[in-house]
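Please build the complete structure, drawing on both the sequences and the hints.
As given, the protein sequences belong to chains A and B, one line each in that order. First residue of the first sequence? That's 1 in our numbering, and the numbers climb one at a time after it. First residue of the second sequence? That's 1 in our numbering, and the numbers climb one at a time after it.
Worth double-checking, as some hints may not be accurate.
Unchecked claim - To spell it out: a stretch of chain B is covered by chain A in this simulated footprint if at least three of its residues, at any positions, have a beta carbon under 8 Å from a beta carbon of chain A; those stretches are:
(1) 13-24
(2) 46-55
(3) 62-69
(4) 73-84
(5) 97-106
Claimed, not checked - What follows is a set of in silico ranges between Cβ atoms, one per label pair, in the way DEER data are often shown:
(6) A:Ile65 with B:Glu105: 27 to 33 Å
(7) A:Thr14 with B:Asp99: 31 to 37 Å
(8) B:Leu4 with A:Val51: 31 to 37 Å
(9) A:Phe77 with B:Thr60: 31 to 37 Å
(10) B:Pro74 with A:Gly52: 22 to 28 Å
(11) B:Asp99 with A:Val73: 23 to 29 Å
(12) A:Leu21 with B:Leu4: 34 to 40 Å
(13) B:Gly94 with A:Gly70: 18 to 24 Å
(14) A:Ile65 with B:Arg82: 44 to 50 Å
(15) A:Val62 with B:Asp98: 36 to 42 Å
(16) A:Gln79 with B:Met1: 44 to 50 Å
Hints were generated in silico from the structure; no laboratory data involved. Glycine included, C-beta positions come from ideal geometry on N, C-alpha and C.
Residue-level listing of the chains:
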Amino acid sequence: MIAVSLVLIGVGATFTILRLLIGPTSFDRLLASDTLAVTAVAFLAILSTGVGGALYIDVAIVYGIIGFVGVVVIARFLQGVRR
Amino acid sequence: MIVLGRVLILLGSAFLFLGGLGVLRMPDVYNRLQAGTKATTLGAMTVIIGSALIAPAIATKAVLLVIFIALSNPISSSTVARSAYRAGIPLGGGAQRDDWRDAQEGV
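Shown next as structure tokens:
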């Protein structure tokens, strides 16, 4: 059941990476990277339930913080730019 | 408790899958933002709560992570939408009304 969940999250992340590659505007790529960061946080939280994997939850917290700050900073930077 | 945690993880990963599908398939920046942010917020929170039910050693940090995601994800979503609107990305497809433009024009 955990393997099915990991495969589902992996397929969703693949769709998001496709949007990150083909996105017509910068904002498509930005929101795709935001979605990818949250998906990676959930993936790391699943990995932390394994044997000896309690370290992954720290990685998930730090990745969530860095992804959030990066998305907000890039969005504010792109605010005055045409496309 | 472990079975409940696994069911929650499966439910949340289904929501994450649907979020990725919406990001790929929606026709517009704002629709993609709606699909990508709301579905992944619910999915990630459900997956993390399920992980905390499976492994109680990480429960404290998992609750911290759930609170952080619930606070930070709407902020990043609204910031991206506002910057896309101000940069002049048009509303796509069958958009019928634009409340921000109407409010600025005083209609």
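* Asked: Does the structure break any of the earlier hints, and which numbers would those be?
  -> Result: hints 5, 6, 8, 10, 13 and 14 break, sorted rising.
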